[in-house]
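J.: Sequence order for the protein chains is A and B. Mapping of the first sequence onto the working numbering: residues 1 to 112, in sequence order. Mapping of the second sequence onto the working numbering: residues 1001 to 1111, in sequence order.
Everything labelled a hint here was simulated from the structure, so no lab data went into it. Any given hint could turn out to be false.
Stated by the list, open to error - Far from chain B, some chain A residues (derived; all Cβ distances over 10 Å):
id : residue
1  : S7
2  : P61
3  : R63
4  : E75
5  : N77
Claimed, not checked - Pulled a few chain B residues facing chain A out of the computed Cβ check, cut under 8 Å:
id : residue
6  : D1031
7  : Y1032
8  : P1034
9  : K1042
10 : G1043
11 : P1044
12 : A1049
13 : R1093
14 : G1095
15 : N1097
16 : L1099
17 : F1101
18 : G1102
19 : T1103
20 : G1104
Each residue gets a CB set at the ideal place from its N, CA and C atoms; glycine is no exception.
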Amino acid sequence: DAGVTQSPTHLIKTRGQQVTLRCSPKSGHDTVSWYQQALGQGPQFIFQYYEEEERQRGNFPDRFSGHQFPNYSSELNVNALLLGDSALYLCASSLSGPTAQYFGPGTRLTVT
Amino acid sequence: QQQVKQSPQSLIVQKGGIPIINCAYENTAFDYFPWYQQFPGKGPALLIAIRPDVSEKKEGRFTISFNKSAKQFSLHIMDSQPGDSATYFCAARAGANNLFFGTGTRLTVIP
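Start from the sequences, fold in the hints, and give me the full structure.
T.: In C-alpha cells, the structure reads:
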C-alpha cells in the first residue's frame, strides 16, 4: 500500500517564476492538505482540498493556489515566486473529517 | 503568533534516558493533539496522538501526558535509543482538520 507520494523531490526556480508541485494521497484517502516548512521551523498550513474544492485556507497570499482532481490527487501552484518561498512543501492526506493526517516526503523548493 | 509553543528547542540524552518534550496552547477549540517525528530530508511521520478527554496515552515506548486545565501536553520517550535521534513536533488540530505545529525539538540520543 503506497503512502503519500510527492513530485518532484527537488526544484530550483528563479524569483518571479511559477511552480507546480504534485501530490498523490494515501490509498483510500480523499482529503489533501498542503503545508510549508521553512528551514528549522514547524510546518505551516497552506490549504486543504476535499471534493475538488478548497475547504480551508491558512494565512497565505493568493499567489498560492491549488487544485484537486477526481482521483483525489492534488497540485499546489505558486506564482511570482519570492526568495522567501524557499522551503519544504509537504502534502498530507487523510479521510474527510477529523482524522489523522499522513505526510509525504515533501518537495524541496529553492528560489534563487 | 505561535498557537502551539514547544520546548526545549534541543535536547541531548544518554541511551536509555527518558527525554521529555513539552507543548502548551491557548485555543480551547483544539480537539486533537498529535506528535510527529521527522528525520532529515523526510516528511513528518505520525507517532502518537491524544484527545483532550484523555490524560495519558501510551504506544510502545512513547507516552503522551495531557493536562487539559493547564493547556499543556508532553511527550515522553522511554528507554531512548540512538535511532530516536530526530526532530519532534507537537501539533494541535482545529476546524476542518488543519494542524498547527510547534517549532520542533531536536533530540540527540548519545550511545
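J.: Is it the case that R63(A) keeps its Cβ farther than 10 Å from each residue Cβ in chain B?
T.: 19 Å, holds
J.: Let me know if the C-beta of T1103(B) comes in closer than 8 Å to any C-beta of chain A, holds or violated.
T.: With a closest approach of 5 Å, the T1103(B) hint holds.
J.: Identify whether the interface hint at F1101(B) stands, where standing means a beta carbon of chain A within less than 8 Å of its own.
T.: Holds - the Cβ of F1101(B) comes within 8 Å of chain A, reaching about 3 Å at its closest.
J.: Since S7(A) was said not to touch the interface, does its Cβ keep a gap of more than 10 Å from each Cβ of chain B?
T.: It holds; S7(A) is separated from chain B by about 13 Å at its closest Cβ, greater than 10 Å.
J.: Minimum Cβ distance from G1043(B) to chain A below 8 Å?
T.: 4 Å, holds
J.: Does the closest beta carbon of chain A sit nearer than 8 Å to the beta carbon of N1097(B)?
T.: 5 Å, holds
J.: Against chain A, with CB atoms and a cut of 8 Å, does the hint on K1042(B) hold up?
T.: With Cβ-Cβ at 6 Å, under 8 Å, it holds.
J.: Can you verify the interface hint for L1099(B): is its Cβ closer than 8 Å to any Cβ in chain A?
T.: Hint holds; L1099(B) Cβ to chain A Cβ min 6 Å, cut 8 Å.
J.: Under 8 Å, Cβ to Cβ, is where G1104(B) needs to be relative to chain A, so tell me if that hint holds or is violated.
T.: 5 Å, holds
J.: Classify the hint on P1044(B) as holds or violated, based on whether any CB of chain A lies nearer than 8 Å to its CB.
T.: At 5 Å from the nearest chain A Cβ, P1044(B) passes the 8 Å test, so the hint holds.
J.: Would you settle whether the hint for R1093(B) is holds or violated, based on the nearest Cβ-Cβ distance to chain A being less than 8 Å?
T.: Check passed: Cβ of R1093(B) comes within 7 Å of chain A, closer than 8 Å.
J.: Does the claim that P61(A) lies outside the interface with chain B hold up, using a Cβ gap greater than 10 Å?
T.: Consistent with the label, P61(A) stays out of reach of chain B, its closest Cβ about 17 Å off (over 10 Å).
Every hint from the earlier list agrees with this structure, and none is contradicted.
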